[in-house]
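Participant: Chain residues, written in single-letter form:
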Amino acid sequence: MTDKTTDAGPRRLWFNAGLPALGVVLALALWWLVTIAFGIEPFWLPAPSDVVEAFLRLPGHLTEQAGMTLMTTAVGFAIGSIAGAAVAVLFAASSTIERMTMPLIAAINAVPKAALAPLLIVWIGLNTQAKIVMVVLLCFFPVLVSTMAGLTSVPNDLRELSHSLSASWWQTFVKVRITWALPQIFVGLKVASSLAIIGAVIAELTNPDRGLGAVIVSSSQSADTPLAFAALTLLALMGAALFYLVVAMERILVPWTRAISS
Amino acid sequence: MIKIAGLSRTFQGKSGTVDALHNIDLDVGNGEFLAVIGRSGCGKSTLLRIVAGLIPPSRGEVLVAGDPVTRPRRDVAMVFQRPALLPWRSVRENVMLPVEIFRWPRAKHRDHAQRLLEMTGLEGFADRLPHELSGGMQQRVSLCRALIQRPKVLLMDEPFSALDALTREELAVELQRIHIQLGTTVIFVTHSIQEAVLLADRVAVLSARPGRVRELVDIDIPRPRSFGHNAHLEEVAAASAELHQLLLGEHLPETPAAT
Ligand SMILES: Nc1ncnc2c1ncn2[C@@H]1O[C@H](COP(=O)(O)OP(=O)(O)OP(=O)(O)O)[C@@H](O)[C@H]1O
Ligand SMILES: [Mg+2]
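For the protein sequence lines, the chains are Y and L, in the order given. 245 is the number that full-length UniProt numbering gives to position 245 of the first sequence; each next residue is one higher, with no gaps. 252 is the number that full-length UniProt numbering gives to position 252 of the second sequence; each next residue is one higher, with no gaps.
What the hints contain is simulated information worked out from the structure, not anything from laboratory work. Treat the hints with care, as some may be off.
[Claimed, not checked] With a straight-line cut-off of 30 Å between C-alpha atoms, the simulated DSS-like cross-links for lysine-lysine are:
#	chain 1	residue 1	chain 2	residue 2
1	Y	Lys113	Y	Lys190
2	Y	Lys190	Y	Lys175
3	L	Lys152	L	Lys3
4	L	Lys108	Y	Lys175
5	L	Lys152	L	Lys108
6	L	Lys152	Y	Lys175
[Said to hold, decoys possible] Covered stretches of chain Y, as calculated for chain L (at least 3 residues, CB under 8 Å):
#	stretch
7	50-58
8	156-167
[Unchecked claim] Looking from chain Y toward chain L, a few residues come up when the C-beta cut is under 10 Å (computed):
#	residue
9	Thr179
10	Trp180
11	Trp256
12	Thr257
Even for Gly, the Cβ is constructed at its ideal location relative to N, Cα and C.
Could you build the full structure based on these sequences and the hints that come with them?
Facilitator: Here's what the structure looks like:
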């Protein structure tokens with residue numbers, strides 16, 4: 001296996017980095033071409049150059065707002081994920097607690113989170129905490145569900161093995177179940193990483209005092225579509241970065257998954 | 001070493017109760033290699049799991065070294081049909097798993113693990129992950145993991161049945177060598193008459209529904225035995241034929257032993 005990877009080094013690089021980059025470049029070129037060919041006004045659909053220009057008009061402001069959105073997103077993602085995983089562990093330890101609270105949590109999760117944004121302002125206030133709570137609400141459930149699925153997916157032969165060694169609940173949990181669950185936990189984390197940005201933006205649109213959501217609100221009020229697009233681009237980049245950060249963590253923590261699932 | 005007396009086990013299924021085992025009496029001597037053979041579903045795994053203390057019997061009891069079995073014991077080790085290795089642990093770390101769980105000092109057992117890996121020809125693979133090994137090698141790792149407990153009793157539930165024919169033979173010959181070397185008492189469940197004849201001192205033939213001991217067959221062939229050309233082809237053929245007859249005979253309409 002190792003020889004093969006070194007053999008195919010340049011090819012893999014092309015496959016993993018070259019092809020995605022080519023895809024992005026082609027999409028940008030197409031976008032540009034469409035705006036020129038049909039003579040579309042920047043107000044309707046700005047060309048890539050207009051977006052870059054809008055960014056260069058207010059680089060400091062945009063970066064600062066992006067930093068605020070990123071902070072809300074990252075803190076909410078971290079809290080929501082840790083809470084989701086912790087509650088899943090609690091459920092794994094006690095089926096009584098699970099039976100009592102899981103239906104409640106599922107029902108709460110069924111409420112559209114965007115509808116809660118105004119209420120969060122009432123409860124928590126016009127501040128960053130309310131925005132973080134929004135992100136937490138969105139991230140919590142997918143991580144909870146995926147962690148629970150992972151913890152209960154331990155195959156029978158491994159269960160029987162730890163039983164035959166008289167391993168305690170805690171030993172089985174630490175040495176077998178939690179590691180076994182990691183690949184599935186990461187599925188939840190990837191979903192949560194996308195939802196985190198959505199949560200931050202919903203909160204910022206509801207209370208547009210700061211962040212890229214606020215930039216989008218104010219730029220649409222002043223009909224500055226290129227600026228809105230610059231903010232959207234930053235959001236997309238942020239989302240992709242967060243997603244690939246989770247992917248990179250997965251590769252480091254669970255290098256064995258890909259070997260097994262293939 | 002093992003005394004099984006009046007052992008019965010029933011399961012509550014959706015379609016009524018299943019008599020998995022009925023009134024089994026068996027004595028396994030110290031260092032004896034007992035093969036258990038029988039049709040699918042006749043209760044072989046159930047028997048082994050009761051001896052291992054994984055499930056309780058419905059009636060009767062099992063004594064290991066004089067003590068009734070109520071829960072898994074450290075001096076009874078189990079090898080399953082599938083290797084059941086932890087995919088994120090190296091071969092060595094998988095073998096050390098029981099040591100960790102028993103909270104034995106690691107340093108004391110590291111050499112033992114190394115010797116077991118050498119004995120099974122795995123010394124070059126100690127730092128590999130399980131998925132880098134062939135099925136036969138994985139099953140060897142699982143055998144090492146059982147042996148690191150220094151078990152008095154080794155329980156094996158069709159340990160080679162998921163492997164190809166050649167690897168099975170190879171591992172069976174190796175198991176025979178290990179058994180001669182260590183003198184562990186073994187109960188070995190198998191579907192293969194060939195394996196039973198190669199390995200066992202005695203073969204317990206089980207009949208199905210309810211599972212009972214239909215016959216105990218002594219295999220008096222000098223060791224080491226082998227699948228290839230050996231000096232005892234006649235005895236091997238005779239023992240195989242007898243077991244074959246017993247297993248197939250169950251299908252005849254009038255079976256004296258089943259009444
Ligand atoms: N947990 C269980 N619940 C209900 N019935 C069971 C259970 N375990 C085993 N049985 C039943 O008990 C009988 C014996 O099962 P067992 O697994 O011991 O057979 P076996 O001889 O090992 O079969 P095989 O050769 O296919 O492995 C079967 O009829 C099976 O359906
Ligand atoms: Mg079985």
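Participant: All hints are to be evaluated individually against the structure, with a verdict given for each.
Facilitator: Now the hints, each set against the structure:
Annotation: proposed proximity of Lys113(Y) to Lys190(Y) holds, straight-line Cα distance about 19 Å (limit 30 Å). Taking the CA atoms of Lys190(Y) and Lys175(Y), the gap is near 24 Å; set against the 30 Å cutoff, the hint holds. For the proposed pair Lys152(L) and Lys3(L), the alpha carbon gap of about 14 Å is at most 30 Å, so the pair holds. For a cut-off of 30 Å, the pair hint linking Lys108(L) to Lys175(Y) stands: about 21 Å separates their Cα positions.
With a C-alpha separation of about 19 Å, the suggested pairing of Lys152(L) with Lys108(L) holds against the 30 Å cut-off. Proposed proximity of Lys152(L) and Lys175(Y) is supported: the alpha carbons are some 26 Å apart, at most 30 Å. Counting residues of the stretch 50-58 of chain Y whose CB lies closer than 8 Å to any CB of chain L gives 0, which falls below the minimum of 3, so the coverage claim is violated. A count of 10 residues in the stretch 156-167 of chain Y with a Cβ less than 8 Å from any Cβ of chain L is obtained; the coverage claim is therefore met, three being the minimum.
At a threshold of 10 Å, the smallest CB-CB gap from Thr179(Y) to chain L is about 6 Å, leaving the interface hint in force. The criterion of a C-beta within 10 Å of any C-beta in chain L is met by Trp180(Y), whose closest approach is roughly 8 Å, and the hint holds. At about 5 Å, the closest approach between the beta carbon of Trp256(Y) and any beta carbon in chain L falls short of 10 Å, and the interface hint on this residue holds. The closest approach between the C-beta of Thr257(Y) and any C-beta of chain L is roughly 8 Å, which is under the 10 Å cut-off, so the hint is satisfied.
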